[in-house]
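Participant: Spelled out, the chains give:
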Amino acid sequence: MRKVLLIALLSLTVGGCANQLAKIKQVYDVATTTTVPASYVLAAANSFEVASKAVGAYYDFCATARTDKRCAPDILRTVRSAEIKGRKTRDQLEAYITTGTDAPATLYNILVTAVNTITTSPASTVGGNQ
Amino acid sequence: MNAAIIAVLTLIEELLPQLANMATAASVMAKIIDILEKWIPIVIAAFPDVIAGFQGVIAALTADPSTTQAQLETLKNLQTQIDAANDAKWAKIDPDAPTS
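Just so you know, the protein sequences line up as chains A and B, in that order. Going by my numbering, the first residue of the first sequence is number 21, and it counts up by one from there. Going by my numbering, the first residue of the second sequence is number 1284, and it counts up by one from there.
Keep in mind that a hint or two might mislead.
As the list claims (entries may be wrong) - Partial pick of chain A residues on the chain B-facing surface, computed with a CB cut under 8 Å:
id, residue
1, V75
2, E103
3, R107
4, I117
No wet-lab data here; the hints were simulated from the structure. Each residue gets a CB set at the ideal place from its N, CA and C atoms; glycine is no exception.
For reference, chain A alone in the conformation it holds in the complex (with noise of 0.2 Å):
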């Protein structure tokens, strides 16, 4: 837990944003088991706080390009559907995450998918370069 803790502050000192997404492309892959690990659970968590972040950079530049091909409101509707699925799925896994259980992978999955959606959308590439 507290190598968990570092990670994150060391992350929070060095990170940059584009940096940090750039990351997150790497990791995830829906899982195929019933359940999952805290420790994955946690760490998709984080990373949703990333592409969280880089959603609220993409908003703030979509606010200043409405023209913008990537500030479609197709696009906008999808960006805003992960990031609301995922918040809510974060919070429905935090219990896990506070307990260390294993969580159910349907949860699991629907976050990771949150994720996928978010860092493979303008939102990564506009927000994520802010």
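Add chain B to chain A, keeping to what the hints say.
Facilitator: Chain B only, in chain A's frame:
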């Protein structure tokens, strides 16, 4: 990056070694949560680039079995504040928002 946020990060880094000492870990965690509580609203407003790192700390503290229920509630409230920042940004660009 502003000198103030660097000072906050430095302070958290100085607290890190104390987490290895089980006798002081609880009070150190309380200090870190206190720092998060004071600074996250400022970071949201002025230093959004580093907010993901703070979210990582929230997730890690949430996962620590020694975190108390009251601290978990505090962490959840902080996360809600961060989520609300994105909601406010979305409200400005929502393509389905009713036009007046």
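Participant: Could you run down the list of hints and mark each one as holding or not?
Facilitator: Right, here's what the structure says about each hint:
no. : hint : verdict
1   : V75  : holds (6 Å)
2   : E103 : holds (7 Å)
3   : R107 : holds (6 Å)
4   : I117 : holds (5 Å)
Against the hints set out earlier in the document, no violation occurs for any number.
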